[in-house]
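**Q** Whenever a hint applies, use it, and build me the whole structure from the sequences.
Here the sequence shown is numbered in full-length UniProt numbering, starting from 1 and rising by one per residue.
Just so you know, these hints were derived from the structure itself, not from any lab.
Be a bit skeptical, because a hint or two may be false.
[To be verified] Derived DMTMM-like pairs: lysine to aspartate or glutamate, alpha-carbon spacing no greater than 25 Å straight-line:
no. : residue 1 : residue 2
1   : Lys275    : Glu212
2   : Lys651    : Asp665
3   : Lys145    : Glu58
4   : Lys650    : Asp665
5   : Lys60     : Glu34
6   : Lys209    : Asp246
7   : Lys60     : Glu143
8   : Lys275    : Asp88
9   : Lys145    : Glu212
10  : Lys145    : Glu67
11  : Lys213    : Glu138
12  : Lys145    : Glu351
13  : Lys275    : Glu138
14  : Lys268    : Asp88
15  : Lys519    : Asp542
16  : Lys650    : Asp495
17  : Lys270    : Asp248
18  : Lys209    : Asp248
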Amino acid sequence: GENVDSRVESPRLQVSKDQPKDYEITIPFLLNGEQWRPVNGFNSKNHPALLQFVIQAENKHLVIDLERNEGLLARGFTETHYLQDGTDVVLTRNLTGHCFYHGQVQGFPGSSVSLSTCSGLRGIIVFGNNSYVLEPLEGATSEHKIYRAENLRAAPGSCGHQLDIPATGATATSQRPPAGRYKRETLKTTKYVELVIVADNREFQRQGKDVEKIKQRLIEIANYVDKFYRPLNIRVALVGVEVWNDMDKCSISQDPFTSLHEFLDWRKLKLLPRKAHDNAQLISGVYFQGTTIGMAPIMSMCTAEQSGGVVMDHSENPLGAAVTLAHELGHNFGMNHDTLERGCNCRASTEKGGCIMNPSTGYPFPMVFSSCSRKDLENSLEKGVGMCLFNLPEVKESFGGQKCGNGYVEDGEECDCGEPEECTNRCCNATTCALNPGAVCAHGLCCEDCQLKPAGISCRESSNSCDLPEFCTGASPQCPANVYLHDGHACHGVDGYCYNGICQTHEQQCITLWGPGAKPAPGICFERVNSAGDPYGNCGKDSKSSFAKCEPRDAKCGKIQCQGGANRPVIGTNAVSIETNIPLQEGGKILCRGTHVYLGDDMPDPGLVLAGTKCEDGKICLNRRCQNTSVFGVHKCATKCHGRGVCNNKKNCHCEADWAPPFCDKPGFGGSVDSGPIRQADNKSLTIGVLITILCLTFAGSIMYLKRKTFMRWLFTSKKTTIEKLRSVGPARPSSSSEPNHVHTICVSKNLIVKPQNTAIQKREGPRRPLPYQIIDISNPVKTHEVPPLKTPQRVLPPLPQLPGHQAGPERPLPANPSLRFSQ
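**A** Here you go:
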């Protein structure tokens with residue numbers, strides 16, 4: 001997971017009453033000529049699975065084809081609100097349909113429509129270079145307003161965050177070596193974000209204190225977001241909406257930074273234990289200070305601590321909040337801003353809204369992602385971000401009627417490859433949604449040539465030193481859900497510990513900040529610089545927004561200190577180098593290199609050490625403290641694996657190739673109850689090989705016996721040895737990694753992790769042109785170096801004294817600093 005304190009983003013707009021200055025009145029008609037009549041109610045059975053109607057816009061007749069978005073609401077979808085005494089009311093409705101649709105405009109390839117029919121027609125219609133907003137005319141039954149999206153009025157805003165890592169840009173990524181099979185499978189596999197959206201109490205009040213109205217608004221927002229992400233092969237499945245109608249469940253204020261951390265803390269402590277999900281977003285009716293309308297941690301998807309964000313509902317039209325939520329979700333995925341220097345390609349011009357990750361925009365709302373966003377997403381997935389997104393959520397069993405041809409395999413269907421004219425799957429009958437004769441399966445990574453792959457065949461390789469591979473079970477065409485090493489487990493081949501499926505190290509962070517060749521500075525740099533409690537050395541900010549000093553034991557969890565690398569930081573356009581010289585008593589000095597990025601008072605520092613980074617042997621950075629890895633319970637979990645396996649993130653044993661889960665205490669085929677068996681149950685080729693070898697040896701021995709007795713004695717000796725060796729070849733022993741059919745592994749514990757195609761850390765080049773950074777030597781400040789807007793303190797550190805030995809940290813988790821309101 002990434003450090004929220006160091007990487008939080010806000011998007012671009014200010015609140016506005018979105019009254020269009022120009023609109024037309026249109027009346028939708030069905031294709032049979034009948035006037036379309038609205039169906040009131042979210043869960044009415046009268047919302048059809050398919051809908052076609054005609055509207056007129058600027059003298060053009062548009063035929064709209066819609067299909068209910070059956071993947072929008074997951075099977076376990078819940079609606080939560082509260083009684084006046086604080087008791088929560090959780091509803092799980094057995095609905096047969098809902099009123100949220102995706103579609104297109106007939107005759108316009110590449111067009112996009114996202115509408116709701118809950119109370120009239122409301123949504124966005126995009127075709128060619130045109131974007132229209134359709135919504136009911138207030139007080140009318142069938143009449144609707146339609147107007148160009150650019151006619152929505154809003155004051156333009158900007159995002160104060162200028163952090164953009166070149167490694168995710170087009171220039172750096174174009175020089176990477178070819179990716180392996182894992183990357184191809186990761187990109188082509190659909191990812192599913194199981195999302196919860198929460199509305200705070202102020203939002204409840206702004207929407208007329210109508211719980212049902214707010215729930216519909218939140219689902220409509222999710223419907224837009226799902227449409228935005230579908231071209232990236234990502235689906236957004238809503239697993240819950242929650243309305244704080246009685247009172248806020250955490251402190252939400254005009255300070256977006258504090259509100260974000262309060263909400264993330266509430267999510268981890270209260271929401272996650274009662275509702276499984278991948279990401280949660282707060283829709284707030286509070287007007288955040290300044291121009292900030294949303295915040296979210298970067299590269300934090302799937303983490304318990306930081307997978308979420310806060311969004312100000314800045315627009316009367318739900319589309320506004322949806323675009324902001326999509327922007328913040330993009331940061332969770334690891335997407336940076338589309339700055340001019342990155343050279344991003346966006347198929348929507350600025351006049352048409354531009355792209356979703358633009359740092360500054362107004363109306364019309366952006367609705368597409370740029371080439372840079374796609375590259376950022378690829379890089380994040382390669383690093384292991386989003387480990388939880390590869391499981392297919394159960395959809396359509398409670399919401400929406402069954403329909404053959406919609407691409408979802410429902411009860412009573414053996415397969416579903418879409419409509420007959422679009423189906424290319426030779427295993428499935430598109431008309432009946434039944435398997436063709438002789439076919440056992442039609443979909444899934446463990447289905448090949450219409451047959452199930454044998455158990456033990458790899459279907460998802462490990463992506464990094466903290467990931468675990470998955471294998472076909474032989475009973476299902478689907479690859480098991482992704483699992484990875486338990487938090488606190490030692491990384492393979494890297495001096496660090498696993499945290500949320502990623503191995504964070506000081507070295508990799510130095511390379512990110514300073515480019516190839518950078519490395520962490522000596523420990524004394526961390527101790528001396530981070531004890532200052534100023535912008536250049538600190539352990540984050542406290543509740544009063546003052547810089548906090550690091551205790552000596554926590555120094556390596558403060559500002560990152562490096563040596564080597566490029567002359568200037570490679571992370572953006574307004575970063576400066578903070579070089580500190582520490583004089584030594586015996587002469588000489590130690591050079592420590594830190595970074596500072598001027599982002600504004602409400603933006604955190606990208607130069608802080610990331611959560612999960614090793615700070616000492618057996619210790620890891622959490623909440624800006626250097627804490628023992630025992631806080632995760634990894635050692636306790638590993639004891640049940642009998643030394644023949646490791647613990648995964650679900651606290652289950654992943655066993656070596658010859659031992660059986662769940663506890664690796666009996667002979668078996670390896671793997672875990674979550675990942676499938678590592679190897680196949682039998683090896684016919686090996687058995688045949690043994691028989692052929694025995695026959696050959698017997699035949700050769702018979703011939704030699706007829707020729708020479710002395711050679712015969714030698715032969716029997718040799719034959720005996722050979723047969724003994726062959727008899728010893730049975731099922732693979734835990735340590736046998738050299739069998740011809742054995743899966744190649746890297747040994748975290750023997751035979752557990754499939755070796756990735758490229759385990760080396762990807763080193764990415766920084767920008768080719770020099771950036772206008774200024775180097776500041778704190779021990780020898782140069783008067784001409786003026787760095788607005790902060791005045792650099794000019795201080796000379798005293799000679800290094802003899803330091804007393806550090807006391808070992810406690811074995812139990814350290815409580816969060818009461819003065820710190822934000823987590824790492």
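**Q** Could you run down the list of hints and mark each one as holding or not?
**A** Here's how the hints hold up against the structure:
no.	hint	result
1	Lys275 to Glu212	21 Å, holds
2	Lys651 to Asp665	16 Å, holds
3	Lys145 to Glu58	12 Å, holds
4	Lys650 to Asp665	19 Å, holds
5	Lys60 to Glu34	19 Å, holds
6	Lys209 to Asp246	10 Å, holds
7	Lys60 to Glu143	17 Å, holds
8	Lys275 to Asp88	13 Å, holds
9	Lys145 to Glu212	23 Å, holds
10	Lys145 to Glu67	22 Å, holds
11	Lys213 to Glu138	15 Å, holds
12	Lys145 to Glu351	22 Å, holds
13	Lys275 to Glu138	37 Å, violated
14	Lys268 to Asp88	18 Å, holds
15	Lys519 to Asp542	29 Å, violated
16	Lys650 to Asp495	24 Å, holds
17	Lys270 to Asp248	13 Å, holds
18	Lys209 to Asp248	14 Å, holds
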